[in-house]
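**Student:** Chain residues, written in single-letter form:
There are 2 protein chains.
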Amino acid sequence: MNNFLSNKAKSIEPYTPGEQPKDKNYIKLNTNESPYPPSPHVKKAVIESRFDDLRLYPDPNVIDLKKEIAELYNVNTNNIFIGNGSDEILAFSFMAFFNKGDKIYYPNITYSFYSVYSALFDLNEVKIPLKDDFSIDINNYKNLDSGIFIANPNAPTGLLLNPSQIEEIIMNNKNNIVIIDEAYIDFAETESAYKLINKYDNLLVIQTFSKSRSLAGMRLGFAIGNENLIQGLKNIKYSFNSYTINRLSIIAGIEAVKDNEYFKDTVNKIINTRERTKIKLKELGFNVLDSKSNFIFISHKNIFAEDIYLKLKDKGILVRYFKTDIIDNYIRVTIGSDKEMDIFLEKIKDIIRN
Amino acid sequence: MNNFLSNKAKSIEPYTPGEQPKDKNYIKLNTNESPYPPSPHVKKAVIESRFDDLRLYPDPNVIDLKKEIAELYNVNTNNIFIGNGSDEILAFSFMAFFNKGDKIYYPNITYSFYSVYSALFDLNEVKIPLKDDFSIDINNYKNLDSGIFIANPNAPTGLLLNPSQIEEIIMNNKNNIVIIDEAYIDFAETESAYKLINKYDNLLVIQTFSKSRSLAGMRLGFAIGNENLIQGLKNIKYSFNSYTINRLSIIAGIEAVKDNEYFKDTVNKIINTRERTKIKLKELGFNVLDSKSNFIFISHKNIFAEDIYLKLKDKGILVRYFKTDIIDNYIRVTIGSDKEMDIFLEKIKDIIRN
Numbered sequence: 001m002n003n004f005l006s007n008k009a010k011s012i013e014p015y016t017p018g019e020q021p022k023d024k025n026y027i028k029l030n031t032n033e034s035p036y037p038p039s040p041h042v043k044k045a046v047i048e049s050r051f052d053d054l055r056l057y058p059d060p061n062v063i064d065l066k067k068e069i070a071e072l073y074n075v076n077t078n079n080i081f082i083g084n085g086s087d088e089i090l091a092f093s094f095m096a097f098f099n100k101g102d103k104i105y106y107p108n109i110t111y112s113f114y115s116v117y118s119a120l121f122d123l124n125e126v127k128i129p130l131k132d133d134f135s136i137d138i139n140n141y142k143n144l145d146s147g148i149f150i151a152n153p154n155a156p157t158g159l160l161l162n163p164s165q166i167e168e169i170i171m172n173n174k175n176n177i178v179i180i181d182e183a184y185i186d187f188a189e190t191e192s193a194y195k196l197i198n199k200y201d202n203l204l205v206i207q208t209f210s211k212s213r214s215l216a217g218m219r220l221g222f223a224i225g226n227e228n229l230i231q232g233l234k235n236i237k238y239s240f241n242s243y244t245i246n247r248l249s250i251i252a253g254i255e256a257v258k259d260n261e262y263f264k265d266t267v268n269k270i271i272n273t274r275e276r277t278k279i280k281l282k283e284l285g286f287n288v289l290d291s292k293s294n295f296i297f298i299s300h301k302n303i304f305a306e307d308i309y310l311k312l313k314d315k316g317i318l319v320r321y322f323k324t325d326i327i328d329n330y331i332r333v334t335i336g337s338d339k340e341m342d343i344f345l346e347k348i349k350d351i352i353r354n
Numbered sequence: 001m002n003n004f005l006s007n008k009a010k011s012i013e014p015y016t017p018g019e020q021p022k023d024k025n026y027i028k029l030n031t032n033e034s035p036y037p038p039s040p041h042v043k044k045a046v047i048e049s050r051f052d053d054l055r056l057y058p059d060p061n062v063i064d065l066k067k068e069i070a071e072l073y074n075v076n077t078n079n080i081f082i083g084n085g086s087d088e089i090l091a092f093s094f095m096a097f098f099n100k101g102d103k104i105y106y107p108n109i110t111y112s113f114y115s116v117y118s119a120l121f122d123l124n125e126v127k128i129p130l131k132d133d134f135s136i137d138i139n140n141y142k143n144l145d146s147g148i149f150i151a152n153p154n155a156p157t158g159l160l161l162n163p164s165q166i167e168e169i170i171m172n173n174k175n176n177i178v179i180i181d182e183a184y185i186d187f188a189e190t191e192s193a194y195k196l197i198n199k200y201d202n203l204l205v206i207q208t209f210s211k212s213r214s215l216a217g218m219r220l221g222f223a224i225g226n227e228n229l230i231q232g233l234k235n236i237k238y239s240f241n242s243y244t245i246n247r248l249s250i251i252a253g254i255e256a257v258k259d260n261e262y263f264k265d266t267v268n269k270i271i272n273t274r275e276r277t278k279i280k281l282k283e284l285g286f287n288v289l290d291s292k293s294n295f296i297f298i299s300h301k302n303i304f305a306e307d308i309y310l311k312l313k314d315k316g317i318l319v320r321y322f323k324t325d326i327i328d329n330y331i332r333v334t335i336g337s338d339k340e341m342d343i344f345l346e347k348i349k350d351i352i353r354n
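Keeping their order, the protein sequence lines are chains A and B.
Note that full-length UniProt numbering gives residue 103 to position 103 of the first sequence, counting from 1, and the numbers run on in steps of one.
Note that full-length UniProt numbering gives residue 203 to position 203 of the second sequence, counting from 1, and the numbers run on in steps of one.
Take the hints with a grain of salt, since some may be wrong.
Derived, one-sided and incomplete: chain A residues facing chain B with beta-carbon distance under 10 Å [as the list claims (entries may be wrong)]: (1) Leu5; (2) Gln20; (3) Asp23; (4) Lys24; (5) Met95; (6) Gly217; (7) Tyr243; (8) Asn246; (9) Gly285.
Don't read these hints as lab results, they were simulated from the structure.
Note that CB positions come from ideal geometry on N, CA and C, so glycine has one too.
This is chain A alone, in the form it adopts within the complex (with noise of 0.2 Å):
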């Protein structure tokens, strides 16, 4: 029968986004959002922008707001690319560096978006094992014959390599683009990858306004690296959808990225947050992974995991579970604010003594 599908279109598993149930009002720690509203700056500059201009397409170049992170980061706006969220960028990633059958790394479990993609675009995927405490093994991304991506902290597990392992990854392999996903960077108190984008030629780095800058309802990422790299995501593009974002999310945007005191302030509370749940956690027996992020992995030995999931859910909660080989007794928990975790670890409580 001819249903008019494309293959790809009837035989695609597309990626599965946090669930979002309206049944009741849940504290929501399943999709890495911030617990903070966005900086009271881009409210009052939406609010003064001029809504008579929304007649108007947006600038397809983003310039203004590629002008804010390029002063923050001190790179050159020809270093910079603007996405309609990172994922965005992820997917004309795929489409600009890498043809139809070519090999792609990553690690087995990580962003699993990847694997969505490699389907999405006929890529051959090859995916690394981790180390059995969930670490990525550098010695495995030395001399590669294709691609790489790093989440870098790797997700779901929060894990950090830090900047010299990073720089060995991108040093070892100069033939090869290596494009380190750093959606939860600003949690892991170190460097950013983007530093080291006049070293080598190779080496792309992706961001987003989604976690750090409490922007995921507003879609944006960018991504950083030279210009030739940033010129072949602009050519790929400029083919699929000139104008990707819009005029009130560039003007967020701006306003996000401006407001540099906010977003520290923010990103410290949820860090000392994290650290203060994760301490409270092993004391209830917890294994839990020392997570770099805005997010927390753990496991109990006593519980299964899809049950905690399933009972935090009954009770109010909502965190992520994946029900995947390896991880499938872990769940994933969004640090939320000091009160939702007081509220998160009681809950937690419960469960365990029942």
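We have chain A already, so just place chain B on it with the hints.
**Tutor:** Below, chain B alone, put in the same frame as chain A:
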């Protein structure tokens, strides 16, 4: 030399969006935006929205906006797909309904992005020549052997196929998907093809908020079709970018759909201005195609179109000129406000006289 780019990123020639020069304040008649601001309800709803919620991901299924469109057009929400501008839906359509190497049919003169998509996704485009008067001969679109794209009204000619002609194409290609790109249909004073979706399972209709709903700056488009086709688009979208539509665009879109009186009023104004402009241009010796869109496509026997384009730009008016075979003696002029078109007509008179 390994410059890390895929063959596609190296070789593709992207679509060129209309220029947005910043050297002076132009009257912008080059990208078919509405001269009228969006409904005042858009501003009100955005300003009154919960900015704290921008920290949260938007609804990936955009159900609240789908409900408004479904109500207005009397279809089911499962018949609707929302995109980040209709260009994104076009891109997803190339992925959802065509396999690599497939033929794809469209007129030789039409929205030039179709050719870019064909190149991006390795399709085998077959361009069917327009008649000498730039109209589409529907007899050339019967019993084809692969999918078809028709922009109706066509771009950049503005010429319309009437509903029975569109239906003839659809009914005579029962084994091929027929995609009707209705970016400009609201200016055509005719029926949209979406009313045929329950009669023909091979029909997908794509529309946009960028023209008749004055929201080019917020990036919203939608497709209407049967559930199978919409599911195909969803499978691709959820394999590409889970959250393509941000929270404020959803709010803006809902208000733009709800305020149907404002919509009708501004569309009627544009139609009236278009018809008046056509008459004046004919009086000045222009060949004016009978556009049913919010732009006109014109040529003059005494002055080459590129000269008119350059002279208008010099006088502060931007129009669109395509240096393309067959249409290289035409300019495309967006219908602005009455005042803008009066200035345009005055400048045009100056150009013709000198």
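**Student:** Compare the structure with each hint and give your call.
**Tutor:** Here is how each hint holds up against the structure:
| no. | hint | in the structure |
| --- | --- | --- |
| 1 | Leu5 | holds, 4 Å |
| 2 | Gln20 | holds, 6 Å |
| 3 | Asp23 | violated, 15 Å |
| 4 | Lys24 | violated, 16 Å |
| 5 | Met95 | holds, 6 Å |
| 6 | Gly217 | holds, 4 Å |
| 7 | Tyr243 | holds, 6 Å |
| 8 | Asn246 | holds, 4 Å |
| 9 | Gly285 | violated, 32 Å |
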